[in-house]
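Asks: Take the sequences, apply the hints, and build the full model.
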Amino acid sequence: MSDLPPPPPPPSSTPQPTTAVPSSAVPTQPDPATPPQTRPPPPTSERVRIAMGAPAAPNEVLSVQNISKWFGDVVAVSDVSFSLGPGVTSLLGPNGAGKSTTLRMIAGLASPSQGAVRVFGENPRKNTAVRGRIGIVPQQESLFQEQRALDFVTLAGQLNGLDNPAGKARAMLELVELDPDDTRSIATYSKGMRQRVKLAQALVHDPELLLLDEPLTGLDPRQRIQMTELIRSLGAGGVCVVVSSHVLEEVERLGSRVMVIAQGRLAASGDFHEIRALMDDRPHRIRVRTNNPRALGAVLLTGSGITSLHVVDHETVVVDTEDADTFRRTIAGVAKQANVSLHGVQPLDDDLESVFKYLVGR
Amino acid sequence: MTAPGSAEIFDRGYRAYDGPRAGVSSSMKAVFVSTVQRALGLRRKFRYKIVPLATIFIAYVPALVFLGITAILPSELAGQVVEEYAGYFELISVMMLLLTAFVVPEVMGADRKTGMFGLYMASPLNRWHYLAAKFVGIIAVLSLVTTMPSIFQMAGYSLLGIGPEGFVETIKTLVKIIASGFVLSIFFALFGMAASTLTNRHLFASAGIVMSTIATAAFADIITQTSDAPSWIQLISVVTIPLELIVRIWGSSPEFPQIEGVSTLASFGAWALACAVFGGVILYGYRRMEVTK
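As you go down the protein sequences, you meet chains A and B in turn.
Note that this note's numbering has the first sequence beginning at 1, numbered continuously upward.
Note that this note's numbering has the second sequence beginning at 363, numbered continuously upward.
Do not rely on the hints blindly, as some may be mistaken.
Residues of chain A clear of chain B, computed beta-carbon distances all greater than 10 Å [stated by the list, open to error]:
hint: 1; residue: Ser63
hint: 2; residue: Ser83
hint: 3; residue: Gly135
hint: 4; residue: Gln145
hint: 5; residue: Ala156
hint: 6; residue: Asp179
hint: 7; residue: Ser185
hint: 8; residue: Leu248
hint: 9; residue: Leu301
hint: 10; residue: Ser308
hint: 11; residue: Glu315
hint: 12; residue: Asn339
hint: 13; residue: Ser354
Estimated spans, in silico, between C-beta atoms of each pair [as the list claims (entries may be wrong)]:
hint: 14; chain 1: A; residue 1: Phe71; chain 2: B; residue 2: Gly385; range: 32 to 38 Å
hint: 15; chain 1: B; residue 1: Phe419; chain 2: A; residue 2: Pro221; range: 49 to 55 Å
hint: 16; chain 1: B; residue 1: Val395; chain 2: A; residue 2: Glu229; range: 34 to 40 Å
hint: 17; chain 1: A; residue 1: Glu177; chain 2: B; residue 2: Phe514; range: 46 to 52 Å
hint: 18; chain 1: A; residue 1: Ala129; chain 2: B; residue 2: Val423; range: 44 to 50 Å
Rather than coming from a laboratory, the hints here were simulated on the basis of the structure.
Glycine included, each C-beta is placed from N, C-alpha and C at the ideal position.
Replies: Spelled out as structure tokens, the structure:
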């Protein structure tokens with residue numbers, strides 16, 4: 001969903017991450033009051049938002065406006081803004097980046113030191129009815145471990161005022177492939193089973209906003225696939241799902257819509273392919289397979305836009321270019337000019353991992 | 363036998379809940395039930411039931427003993443050995459303290475330690491709903507020690523013909539028992555909750571409850587016996603505060619005299635002040651509390 005709001009002006013005390021990318025890369029309207037050449041390039045996150053366009057959509061579920069959170073001298077989250085509607089969005093960042101703190105603020109469990117969170121237009125800290133529309137899977141596993149899974153999930157249903165909490169709890173436990181009649185306590189469960197109990201309690205009241213903090217941790221590969229499918233189907237069914245993770249392959253399977261948080265700041269948000277396309281300060285690395293890499297390389301170097309070129313073996317050349325689109329358009333002609341056969345052109349850093357490394361490593 | 367062509371694959375996938383949803387009162391009831399269950403060790407392993415159930419049972423022992431004695435004695439002698447209600451509350455104050463020290467940190471600290479507090483706060487409850495439900499749950503459990511044994515005792519005496527005479531006296535006695543039970547339960551519930559607000563550690567909170575009770579009682583005794591300190595100084599003792607008010611409810615007797623120089627209003631004031639201080643600690647602590655799990 002391209003529903004990110006126009007960026008608010010960043011306060012001077014908490015500047016957004018900046019980038020050396022020229023502002024000409026950004027499709028913005030020039031400000032008549034400011035000469036274009038003296039205008040500093042907007043931060044990456046802003047540029048992505050601008051590129052994704054559009055103010056908040058009418059079906060906006062969640063709106064986070066310039067939230068910051070600090071604990072004493074430690075800034076956990078700094079000036080983060082975004083808004084989301086139905087669908088799955090991954091909150092991606094290394095450990096300690098501020099993902100869990102952000103989720104807690106969205107759920108109303110912690111108050112922002114600065115800024116505001118709105119869920120369905122309401123403050124979840126103050127409007128308890130809104131919290132009944134939120135489901136959360138926390139990261140910790142020590143939740144009432146002496147209880148049976150059915151009792152625990154039933155309690156969650158009771159807390160949310162369901163008519164038949166035990167019945168819904170049974171259905172949810174079956175959905176996550178756990179036996180509702182298991183008499184063992186949660187303490188005896190494996191990590192993956194506990195994770196599924198937490199997911200069941202988050203789903204029991206049919207939330208419209210689902211916050212999942214590292215939900216796939218501890219699951220075996222088959223369960224991961226099943227849970228991923230479940231999360232995707234919930235998103236497709238109209239639930240706004242925010243999944244925090246630091247595991248890139250999990251995030252990639254959940255969809256391409258990501259928000260990257262690094263050092264408490266929102267580094268980028270949107271489709272990660274589009275984010276990569278906007279990262280013009282990083283040359284795009286492309287692998288070209290040909291029958292004569294040296295000949296092709298020689299012709300490529302006579303053109304413009306190539307920053308480096310490396311002949312890897314007798315059939316592969318890796319090219320770094322500032323303009324990947326132009327390169328893709330012209331490579332066939334260049335091959336013809338060099339009188340070589342072209343076997344394949346493959347981007348090497350257009351995946352989430354590269355995007356993540358670039359953003360987090362800034 | 364299944365008819366040919368009747369095969370069906372059922373969709374076991376996620377299904378949205380479309381039933382009714384109750385309000386905050388339902389959520390508070392869930393917290394209340396969960397609190398009582400956890401306090402009494404219900405739906406938990408046997409070892410968790412031992413302390414609360416043993417404590418509660420012991421609180422009924424004096425009533426059983428007195429009823430047994432009065433049952434076997436001739437009625438003219440039985441009336442002379444009847445235990446006064448005010449005295450019963452003093453007898454069970456140790457059990458009350460033990461139950462408070464065991465139960466309250468268990469139902470308060472464990473939620474924060476395990477992250478359950480966060481899940482409660484992620485439901486349609488706010489902190490004050492949560493605290494109110496916890497408070498009522500703790501009162502309900504403590505009443506099993508404060509109020510119920512005396513009601514049991516009164517019922518037994520009535521059956522033996524040495525209980526309150528007439529309907530009005532019975533109601534009066536019942537009201538006094540309930541009032542006394544609430545004086546003790548409310549005081550100790552707030553005391554335990556305040557101690558549990560200060561630490562997530564069950565052991566620290568339990569030790570704090572017991573040690574502060576013993577220390578304040580010892581301090582008050584030493585001061586009053588070794589100096590010319592005013593008699594109201596005895597109200598420094600945590601356990602004396604509610605027991606003194608209970609003496610006022612039942613009326614002073616030679617066995618259970620009231621503290622000289624302290625009016626009933628002052629006794630109630632001391633109880634209310636202590637409750638307010640404990641309540642303030644709880645509210646301040648939970649208002650500032652961050653959900654970090």
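Asks: Confirm or reject each hint.
Replies: Results of checking the hints against the structure:
1. Ser63: 19 Å, holds
2. Ser83: 21 Å, holds
3. Gly135: Incorrect as stated: the minimum Cβ-Cβ distance to chain B is 8 Å, not above 10 Å.
4. Gln145: 7 Å, violated
5. Ala156: Incorrect as stated: the minimum Cβ-Cβ distance to chain B is 7 Å, not above 10 Å.
6. Asp179: 14 Å, holds
7. Ser185: Per Cβ check, Ser185 (chain A) is inside 10 Å of chain B; nearest 8 Å; violated.
8. Leu248: 26 Å, holds
9. Leu301: Nearest chain B Cβ is 56 Å from Leu301 (chain A), so the label holds.
10. Ser308: Given that every Cβ of chain B is farther than 10 Å from that of Ser308 (chain A), nearest at about 47 Å, it holds.
11. Glu315: For Glu315 (chain A), whose nearest Cβ neighbour in chain B is about 47 Å away, the distance exceeds 10 Å, so it holds.
12. Asn339: 57 Å, holds
13. Ser354: 33 Å, holds
14. A:Phe71 x B:Gly385: 32 to 38 Å: Check passed, 34 Å falls within 32 to 38 Å.
15. B:Phe419 x A:Pro221: 49 to 55 Å: Roughly 52 Å apart at Cβ, these two residues keep to the hinted range, so it holds.
16. B:Val395 x A:Glu229: 34 to 40 Å: 35 Å, holds
17. A:Glu177 x B:Phe514: 46 to 52 Å: 49 Å, holds
18. A:Ala129 x B:Val423: 44 to 50 Å: Holds, at about 48 Å.
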